[in-house]
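**Student:** Each chain, written out:
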Amino acid sequence: MRNIGPILTVVAAIFVLWYAGAVALNAPWAYDKAKRANVEITFSEMVADTMQQKKPKLPAPHQVGKEIWKTTGEMVAKGRAFSKRSLIYHSWITLSATLLGFALGTGLGVALSVGIVYNRTMDMSVMPWVIASQTIPILAIAPMIIVVLNAIGISGLLPKAVISMYLSFFPVVVGMVKGLRSPDHMMVDQMKTWSATKGQEFWKLRLPSSMPFLFPSLKVAMAASLVGAIVGELPTGAVAGLGARLLAGSYYGQTIQIWSALITAAALAAALVAIIGVIQKVVLKRMGMA
Amino acid sequence: MSSVISAKNLSLTFQTNDGPVHALKDINLEINKGDFVSFIGPSGCGKTTFLRCMADLEQPAAGEITVNGVSPAEARKARAYGYVFQHAGLYPWRTIGGNIRLPLEIMGVDKAEQDKSVKEVLELVHLEGFENKYPWQLSGGMQQRASIARALAFQADILLMDEPFGALDEIVRDHLNEQLLELWARTNKTIGFVTHSIPEAVYLSTKIVVMSPRPGRIHDVIESTLPKERPLDIRDSPEFIEIAHRVRDGLRAGHGDD
Chain U
1 MRNIGPILTV VAAIFVLWYA GAVALNAPWA YDKAKRANVE ITFSEMVADT MQQKKPKLPA
61 PHQVGKEIWK TTGEMVAKGR AFSKRSLIYH SWITLSATLL GFALGTGLGV ALSVGIVYNR
121 TMDMSVMPWV IASQTIPILA IAPMIIVVLN AIGISGLLPK AVISMYLSFF PVVVGMVKGL
181 RSPDHMMVDQ MKTWSATKGQ EFWKLRLPSS MPFLFPSLKV AMAASLVGAI VGELPTGAVA
241 GLGARLLAGS YYGQTIQIWS ALITAAALAA ALVAIIGVIQ KVVLKRMGMA
Chain G
1 MSSVISAKNL SLTFQTNDGP VHALKDINLE INKGDFVSFI GPSGCGKTTF LRCMADLEQP
61 AAGEITVNGV SPAEARKARA YGYVFQHAGL YPWRTIGGNI RLPLEIMGVD KAEQDKSVKE
121 VLELVHLEGF ENKYPWQLSG GMQQRASIAR ALAFQADILL MDEPFGALDE IVRDHLNEQL
181 LELWARTNKT IGFVTHSIPE AVYLSTKIVV MSPRPGRIHD VIESTLPKER PLDIRDSPEF
241 IEIAHRVRDG LRAGHGDD
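Chains as they are written, first to last, in my numbering: chain U, 1 to 290; chain G, 1 to 258.
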C-alpha cells in the first residue's frame, strides 16, 4: 500500500478539523452552563467540557467512536449483536434493502441498456424518460412508492429496495449503453463476416467489451442504492435501519446517535464500493483489460 | 479457370452532407480461382469499398456482383470468405487460440474440430506455441498473423484482406509478405488484397488492379508475368521493376486531376 501515507494525512487533517469544529460549536453551551451555575471556567475547562457534552451540536470523534463501539462491538461481546439497540442490526436492515435494490437496479439498468442498444424505438424513446426520472426529488416520491406498494400488500424490505433501485438503475443504464456501443465498426463488421447472430454478437463481443464501463457504473449505483435505502426509511416512520436511527436521533436531539449512524452508513458504502473495486480488478485483469 | 468473383457494371454512391460521393462507378472485373489480386490506388478510389461489396459489408447501388456464383449475402452466409481488417481486431479477453476459435464457435463447429483447426492455422502463420498467449503479449506483426489465422480457421476458399499490413513497419511487412505468399501457395486460396504499396502489390499479385478516384473506377488491370515462386530479391529484377513502373504510371494517370 504505497498510498497509505497520503490517506493517513488526510484522515488526520479531518480529525483536526473535526475536533476544532466540536470545540467551536459546543463552546456556547459550555459557557451557558457555567453562567447558569455562576462559575467562571477557564479555556481548558471549556475545551474539556465540549468533548463530553451529552447532546453536543457537533459530537467529538471519540464520542462517536465510543457510541459506535457501544452499539456494535460491545453488543457482540454480550451476544446481542442483533438486538434492536445494536447498530449491526440496523445496518443489516439497511444493507439488505441496499443489496436487493442494487440487484434490481443493476438488472433493470442492464435490461434497459440492451433494449436501447438493440431497439431503435427504445433508443429514441427511453433515454429522455430515464433522465427525467432522476430529476424528480427522491424524497418526494419515496413516500408514494411506499404507500402505493403498501396498498397492494407489499411492505417491509421490498418498498425500500424499490427506492434503491430507482436511484441505482440510472448509472447502470448510462454506463452500459456506452459500454455495449464501445466495440468499433470494424469489430461489428467482423462479426457480420462470420454471419454471427445478434445473440452471438451480444454475448461474445458487446457484453465483454462493456465490462470496463460496467464496473464504474456499479460503484455509483451501489452508493446510490445505500442512499435510496436510507431515504426509504426516513419518511415512513421505519423502526429499524440506519435511516430510522437518524430519524430517532433527530427527534430526541441525540446528535451522537445521528453521527454514529452517519459514520456507519459511510463506512458501509465505502466497504461496498471497495468490494466492487476488488471484483473489477480481478475481472478486468483476467480479461486482459486492466 | 473458373471465375470466383465477378463484377459487372458495379456502382456505389454514398450520400453525404456534401452531396453524393461516387465511391464506385462501372466496375467490371473477373477474379479466377487461385488468383492473388491486389487493389491499389490513392485514398478514395473505392478499393476498400469494392472489397467490402464482395464481403456483403456494402450494398452496390447498381450493377451485379457474384461470389462463388451467388450473391455476396449468400456467400457470406455460406462462409465463403475470410476477411482480414486493417487492424488485427483481436479480442483482448481471449487468448490467441480463443480468438481463432471465435468464428468456429459462432459457426457451431464442435470442440475437437476447433482444436484441430486452431493447431493447423497457427502452424500456417508460424505461431505455433502461442495458442495460450494473450494478444497484448504479441508484437503488432504477430497479432496481424493471428488475425490472418483466424480468417483462415474456417476453411473459406476466398481470403479478403483490407490493407492488413498497413500499420506495420517495412521490415515486418516484408517478412509477412513472404509468409503470405508461402501460405497462398500451400492453401491455393483466392485472395483479394487492398494495399497502398506498389512493391507489395507487385510482389504478391498475379493480377494488379489499379484504381483511380472521383469516381472510383478501374484504371488498369495488370496480369503479372512474375513466376509463382518469388524470393524477396525478385524485387530487383528488371521484370519486377517494369511492372512496378506500369503500376506507378497508372496511378499517376488516374490521379492527373490534382
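Keep in mind that the hints were calculated from the coordinates and are not lab data. All values reported here derive from a predicted model rather than from experimental measurement. Just so you know, even glycine gets a beta-carbon here, dropped at the ideal spot from N, CA and C. Heads up, a few of these hints could be off.
[Unchecked claim] From the structure, some residues in chain U lie toward chain G, with a derived Cβ separation under 10 angstroms:
(1) Glu45
(2) Glu74
(3) Arg181
(4) Asp184
(5) Gln190
(6) Thr197
(7) Gly277
(8) Gln280
(9) Val282
(10) Leu284
(11) Arg286
[Claimed, not checked] With a cut-off of at most 30 angstroms between alpha-carbon atoms, the simulated DSBU-like pairs for lysine-lysine come out as follows:
(12) Lys228/G to Lys198/U
(13) Lys228/G to Lys8/G
(14) Lys198/U to Lys133/G
(15) Lys54/U to Lys70/U
(16) Lys192/U to Lys228/G
(17) Lys119/G to Lys198/U
(18) Lys77/G to Lys198/U
(19) Lys178/U to Lys8/G
(20) Lys207/G to Lys198/U
(21) Lys285/U to Lys119/G
(22) Lys133/G to Lys281/U
**Student:** Each hint: holds or not?
**Tutor:** Here is what the structure says about each hint:
1. Interface restraint check: Glu45/U against chain G, minimum CB-CB distance 65 angstroms, threshold 10 angstroms, status violated.
2. Interface restraint check for Glu74/U: the shortest CB-CB distance to chain G comes to about 48 angstroms, outside 10 angstroms, so the restraint is violated.
3. Residue-level restraint check for Arg181/U is violated (minimum Cβ-Cβ distance to chain G is 16 angstroms; threshold 10 angstroms).
4. With its C-beta approaching chain G no nearer than about 8 angstroms, Asp184/U sits inside the 10 angstroms limit, and its interface hint holds.
5. Taking 10 angstroms as the C-beta contact cut-off toward chain G, the hint placing Gln190/U at the interface holds, the least distance being around 6 angstroms.
6. Using the Cβ-Cβ criterion of 10 angstroms, the hint placing Thr197/U at the interface with chain G is satisfied: the shortest such distance is roughly 8 angstroms.
7. Interface hint at Gly277/U: violated, since its Cβ lies 19 angstroms from the closest Cβ of chain G, which is beyond the 10 angstroms cut-off.
8. Below 10 angstroms, beta-carbon pairs count as interface contacts, and Gln280/U has none with chain G, the closest being about 14 angstroms; its hint is therefore violated.
9. Violation of the interface hint for Val282/U is found here, the shortest Cβ-Cβ separation to chain G being roughly 13 angstroms, above the 10 angstroms cut-off.
10. Interface hint at Leu284/U: satisfied, since its Cβ lies 9 angstroms from the closest Cβ of chain G, which is below the 10 angstroms cut-off.
11. The restraint placing Arg286/U at the interface with chain G holds, with a minimum CB-CB distance near 8 angstroms, inside the 10 angstroms limit.
12. Distance restraint check for Lys228/G and Lys198/U: the Cα-Cα separation of roughly 42 angstroms exceeds the 30 angstroms cut-off, and the hinted pair is therefore not satisfied.
13. With a C-alpha separation of about 28 angstroms, the suggested pairing of Lys228/G with Lys8/G holds against the 30 angstroms cut-off.
14. A distance of roughly 28 angstroms separates the Cα atoms of Lys198/U and Lys133/G; the hinted pair therefore holds under the 30 angstroms criterion.
15. Distance check on the hinted pair: Lys54/U and Lys70/U sit about 15 angstroms apart at the alpha-carbon level, within 30 angstroms; holds.
16. A hinted pair counts as satisfied when its Cα atoms are at most 30 angstroms apart, and Lys192/U with Lys228/G does not qualify at roughly 33 angstroms.
17. For the hint linking Lys119/G to Lys198/U, the alpha-carbon distance of about 28 angstroms falls within 30 angstroms, and the restraint holds.
18. In summary, the hint linking Lys77/G to Lys198/U is supported, as the alpha carbons are separated by about 14 angstroms, within the 30 angstroms threshold.
19. Distance check on the hinted pair: Lys178/U and Lys8/G sit about 41 angstroms apart at the alpha-carbon level, beyond 30 angstroms; violated.
20. For the proposed pair Lys207/G and Lys198/U, the alpha carbon gap of about 37 angstroms is over 30 angstroms, so the pair is violated.
21. The hinted pair formed by Lys285/U and Lys119/G meets the criterion: a straight-line CA distance of about 26 angstroms does not exceed 30 angstroms.
22. Between Lys133/G and Lys281/U the CA atoms are separated by roughly 20 angstroms; this keeps the pair inside 30 angstroms, and the hint holds.
The structure does not agree with the numbered hints 1, 2, 3, 7, 8, 9, 12, 16, 19 and 20 stated previously, though it agrees with the rest.
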